[in-house]
Amino acid sequence: MCRGLHITMVFLGLLGCCPRQGTMARHLRNLKEELFSQINRDRARYGLPLLRWDERAAGVAEEHCREMLEAGYFSHWDLSGRKPYHRYALAGGTEYNAENLGFAFYRPSGPGDHINVRKAAFESYKGMLAERPPEDGHRRTILNPHHTHVGIGIAFSVDRTYISLLFLSRYVKFDPPPPKRARPDEKIYLSGKILKKDYSLQAVLVFHEPLPKPRSPEELERFPKWYGLPNKKLELKPLLPPDKRYQDGSRGEVKVEDERFSFLLSFPEGPGVYTVVAFLRDPKGGSFPATEVCIEVR
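So for the sequence shown, our numbering puts the first residue at 270; every next one is plus one.
Hint data in this document are derived by calculation from the structure and do not stem from the laboratory.
Just to be clear, a hint being listed does not mean it is correct.
To be verified - Pairs of lysine-lysine residues, derived as DSBU-like cross-links and limited to a Cα-Cα distance of at most 30 angstroms, are as follows:
#1 506 - 449
#2 524 - 442
#3 513 - 449
#4 553 - 466
#5 465 - 494
#6 442 - 456
#7 482 - 466
#8 465 - 301
#9 465 - 524
#10 513 - 482
#11 466 - 513
#12 494 - 466
#13 513 - 462
#14 456 - 502
#15 456 - 524
#16 388 - 465
#17 502 - 524
#18 442 - 502
These numbers were taken from a predicted model, which means no experiment stands behind them.
From just these sequences and the hints, can you work out the full model?
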């Protein structure tokens, strides 16, 4: 499975008000609340469930926007070489997540002239929603029926505005919380509970990719304008009764009891990032990813 979330770059010539330092936090908070409300109004127009605000996702999104602003780059990857789902997992998140990024640039005409942050942010968001197939990755992310939460990050200067919308699918709670790091010879016990009635586990995919390495802003500008999970993966299937087998002769690896599931996770590929994606079935029979547990193995 792969996500192709194309970055929207919006170059705008705007005149407006850039908040003073003393009121910056309040202006940004109000702007994020406006965007959050707009997202839910747009989802409601399509008969989709409304999203809840998530503070952890907002913090991860905000930190990435600030880093891009300070370092002068625009990418889903960050200076540590991590992708959005790596960053969110490192902050303690376990939900499947998807990041939309927007960027606006303005050339001031003279002293006191600066970008209109609110207009830039909304124009960027509207551009995402106006996308048409097949180049409509942002729109599909905003209108994904399985998303449940969102966090918004914004960073700006006199001539630039960065916006990050980090959407989550919260359907599973892990207890105990998964570790963020492990050794290659370890085996980790993962236990999750499905939070919504009439949802069930379909399968668990474990993806493997190399450990991230630091990148320069110049390198990041040359990176793809989309991101996704790696191709290398292993499927773990629900455990069958002793007298039943899958086509490959196995009984499965994931123990399922009502809304709970558990399994032992090993690291056969050695060092790298292992990302655990649990796929659920919804009441209509649709399948979707609900977790992205990242463990860095060194």
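Results of checking the hints against the structure:
no.: 1; hint: 506 - 449; verdict: holds (23 angstroms)
no.: 2; hint: 524 - 442; verdict: holds (16 angstroms)
no.: 3; hint: 513 - 449; verdict: violated (35 angstroms)
no.: 4; hint: 553 - 466; verdict: holds (12 angstroms)
no.: 5; hint: 465 - 494; verdict: violated (34 angstroms)
no.: 6; hint: 442 - 456; verdict: holds (20 angstroms)
no.: 7; hint: 482 - 466; verdict: violated (41 angstroms)
no.: 8; hint: 465 - 301; verdict: holds (28 angstroms)
no.: 9; hint: 465 - 524; verdict: holds (18 angstroms)
no.: 10; hint: 513 - 482; verdict: violated (44 angstroms)
no.: 11; hint: 466 - 513; verdict: holds (27 angstroms)
no.: 12; hint: 494 - 466; verdict: violated (37 angstroms)
no.: 13; hint: 513 - 462; verdict: holds (25 angstroms)
no.: 14; hint: 456 - 502; verdict: holds (17 angstroms)
no.: 15; hint: 456 - 524; verdict: holds (16 angstroms)
no.: 16; hint: 388 - 465; verdict: violated (38 angstroms)
no.: 17; hint: 502 - 524; verdict: holds (20 angstroms)
no.: 18; hint: 442 - 502; verdict: holds (22 angstroms)
In this structure, the earlier hints numbered 3, 5, 7, 10, 12 and 16 are contradicted, and the remaining ones agree with it.
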